[in-house]
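Q: The primary structure of each chain is shown beneath.
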Amino acid sequence: MSTSANRRFEKTFKNLFQSTAFVTICILGLIILFLLKEGLGFVGSYTESLREYRSSGLEYVDLMENKYRDSIELQNELTQIRADWIKRLQDDRQDQRVIQQTIGDSEFSALFAELRETTLPLGAYLKEKRDYVMHARNDSEEAIFDQAYLEGLQSDRERYDSIISQLAEAQIALTRELAVFQTGQKGLDRRLQKAEATALAYSGGVIHHLESLSAWKADASISEFRALISFFTGRHWITASDQQDWYGLLPLLTGSILISAIAMTIAIPTAIGAAIYINQFASKAERTLVKPYIEFISALPSVVIGFFGVMLFGEWMRTFSNMDAFAWLPFFPIEERLNAFTAGALLALMAIPTIFTLTEDALENVSNSLKEASHAVGATKLQTTFRIILPTAISGVISAVMLGFGRVIGETMVVLLCAGNRIKIPEIDLGGEFLFEPVHSMTGIIAQEMGEVVYGGLHYRALFMVGIVLFLVSLAVNYGAQVFAKKFTPKMR
Amino acid sequence: MNGPSFASGGSTQSRRSKVKQRVMVVLLFIATYSIVASVGVIFATITYQGSKVVFQPQYPFINTAFLTQTPETLHVYKPRATENRLLEKQRTRIQYEQQLSPYAGNTLEQQTEILAQLEILNAEIEELEKQSQIGEIRLSEAEFRALTDKPSLEQFTYENFAYSAGGIGPAIAGTAILVVGSIAIALTLGILCAIYLNEYSPHGRFSRWVRLSVLNLAGVPSIVFGLFGFGIFVLFLGWGVSVLAGWFTLSVMVLPIVIASSQEAIRAVPNSFREGSLALGASKWTTIRTNVLPHALPGMLTSSILSIARVAGETAPIMFTAAFALRDQLPWEGLSKWSDFFFQGVMALPYHIYVVSSKIPQNEYTLRMQYGATFVFLVLIGVFALTSILLRIRIRQKQRW
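Protein sequence lines, in the order shown, are assigned to chains F and S.
Number 1515 marks the last residue of the first sequence (this note's numbering); no jumps.
Number 400 marks the last residue of the second sequence (this note's numbering); no jumps.
It is worth saying that the hints were derived from the structure and are not from the lab.
Take the hints with a grain of salt, since some may be wrong.
Claimed, not checked - Each pair of labels, with its calculated beta carbon distance range:
| hint | chain 1 | residue 1 | chain 2 | residue 2 | range |
| --- | --- | --- | --- | --- | --- |
| 1 | F | K1149 | S | G333 | 50 to 60 Å |
| 2 | F | G1473 | S | R207 | 38 to 48 Å |
| 3 | S | W208 | F | E1032 | 25 to 35 Å |
All values derive from a computational prediction rather than experimental measurement.
For every residue, glycine included, the Cβ atom is placed at its ideal position computed from N, Cα and C.
Whenever a hint applies, use it, and build me the whole structure from the sequences.
A: And the structure:
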């Protein structure tokens, strides 16, 4: 065989490999570029949307609406207190007549009857203004929000001012009455005090509110940076609204973090405990059986685990929480069978094989001489395990935990099926009820809403932004795990 | 004097430490076996419910109809008279149960009486349910359409349940097509890329950077790949929801894993093998062909089987790129020209499971499809994963250099 033919042959293969590698790396690079391109387009579109929100005066109406909503919320709370009071008396098996006497149907309602009456004209006023704005926003093809239009919007400020000042007076009156009103029930009285404080704050905030309305300008600019910040700190994710779409990451981010936290709380102790047991204490037969078994779990498709959650586990949790034996727990019984805890507990199963396998590897890699030396100075097996082997392997264990976290935060199907999908920031309370509330997540929102978006639209781009956040989080977690594993690897071998 | 006291002190200490050790070991034991048990429960319930659907007592022992038919809507007629009476009885039962509550204010004698009546009522309800089952008519979509005179609604109540009749034939076929295509693409690109990176590329900064980014991409959530595939293949390139878009999305998803594990398999071949070959005057490609690949191949095979399990099991990437919730034709049926094959959406098992577990109610009529599909899926994935694990164990035993 001639050498030149041989060389050509060699070269062909090298080129083949090289070009394939090039193509592959290009494809992988393309992912990042494409995500960035589609996602960063969001900032521009969202700025545009927010600018229109301001220039059309919808922001102005929403500003006014805040005061209305606060007042309504206060009324609802008072009504709720009254209902709860009746329920408590009923639970105490009071007679219907006695109940009516104690609560004094008219007396309690009269407390906020004035408030209700003064709120009504405000509602009517707001509806008028909203219709004015929405009419202009929906009908004009080329939206023109000129000076005349804005003057029309702000024309009868005096009327609004007088309505609001009446409302404030009603709130002050309510404050005075609430100060002397007592139900004689501890929890309810505390809630009444809270309502009193709310009413006081309301009347106190009126001046500031009116000032901010006067200071509002339709042509005040909104920068791209502000839009980006409002994406990351926005508390509302409202899409396909007839007025204004909001893309705030916070409810999704907190939901994802809550679910992951629950999952990791369950997964870390069990997986590390199992790894220690299998590596140090288990018999040989146990080792050969249990290790592949747990490794096998990692092949379990997430949709199957989610299926199990929807069909059985959620219902089991609810039945369990309804048992009398657990009535003393503040967060039992739970209302929704699909909630953050259901998703978290099942996600733990997905993190466990990752953490287990890597931790077990790390423990296995600890030099035998350390173990023997420890035994030689008289340490028990337990002492050797927890004071010598585990600290030596700690970097491997930490990187295992990080990779497990990466797996959990990026998981889609379990979260989509089992988390309940309610877009709301979980309200952290001491009772732990927030653990059992339905939440939504970053992965879930992409899976749920991607099917219904318009190519290139604002919603489409918003989902890509969420994708970028997920991408960056997983990169950070992965990279951190590698750095950790490398940096803290024990020098002695 | 000192001796005995020292000994006794030592023994209490050692006893305490022994107890401590035992408690600790028990705790670790519980942690281990709680994992084993909880996964066991998942396997057991799905296997128990699913095997009732998939297996049958007569020859050929496997319910082939379920595995080959297309999913259909189930139409259920129940005798109205029985249903009405059943409803009435159930309402009475609720009333009785309310009276049993401590707030109803009944005395103990009254309560025992109510309990006795409840028992009778329960028996009656059970009897009625049996009757209702005997009188009930279940029709699949085809049978329902073929029916010329439908049962009169005066005599029967009517309900229907989507996806609950028929089988999962198109879903199995679709999953097979998606897996074969995407694995073919991923393995070709991935293994060639790994060979280049390990054997040819200068071991410099670039190669290290590529290795690092490939490793990091392996941990990116599958939904992000789904998003990417949807944006670029389905919308930007205009392929629509299609097999082709699914293939590329899935193969892009497993590429980092294939590259990383192939690199590892190649790196595991000792350098002396290469040096020996080169020393005898063999060329680079000959060395790779005869001295590197044969030893690295088993490792690559293992990883490829594992990535098959991954590809077959993922739902998120195919949700918008390749999967249809319902398609009543097998993928090779009803194509007007051959290229249509690549641009059609298919049903896929994991997506089908997602649909039947979240979009339809759970009752005696739908459980069959829900558990049947999940069981078949679990068995498929289990076979792939088990093969890969067994292969890995075999290779570990065999490869000792």
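Q: Take the hints in turn and mark each one as holding or not.
A: Right, here's what the structure says about each hint:
1. The supplied range of 50 to 60 Å is met by F:K1149 and S:G333, whose beta-carbon atoms lie about 54 Å from each other.
2. The hint said 38 to 48 Å for the Cβ distance between F:G1473 and S:R207, and at roughly 40 Å that hint holds.
3. For the pair S:W208 and F:E1032, the beta carbons lie near 26 Å from each other, so the given range of 25 to 35 Å is met.
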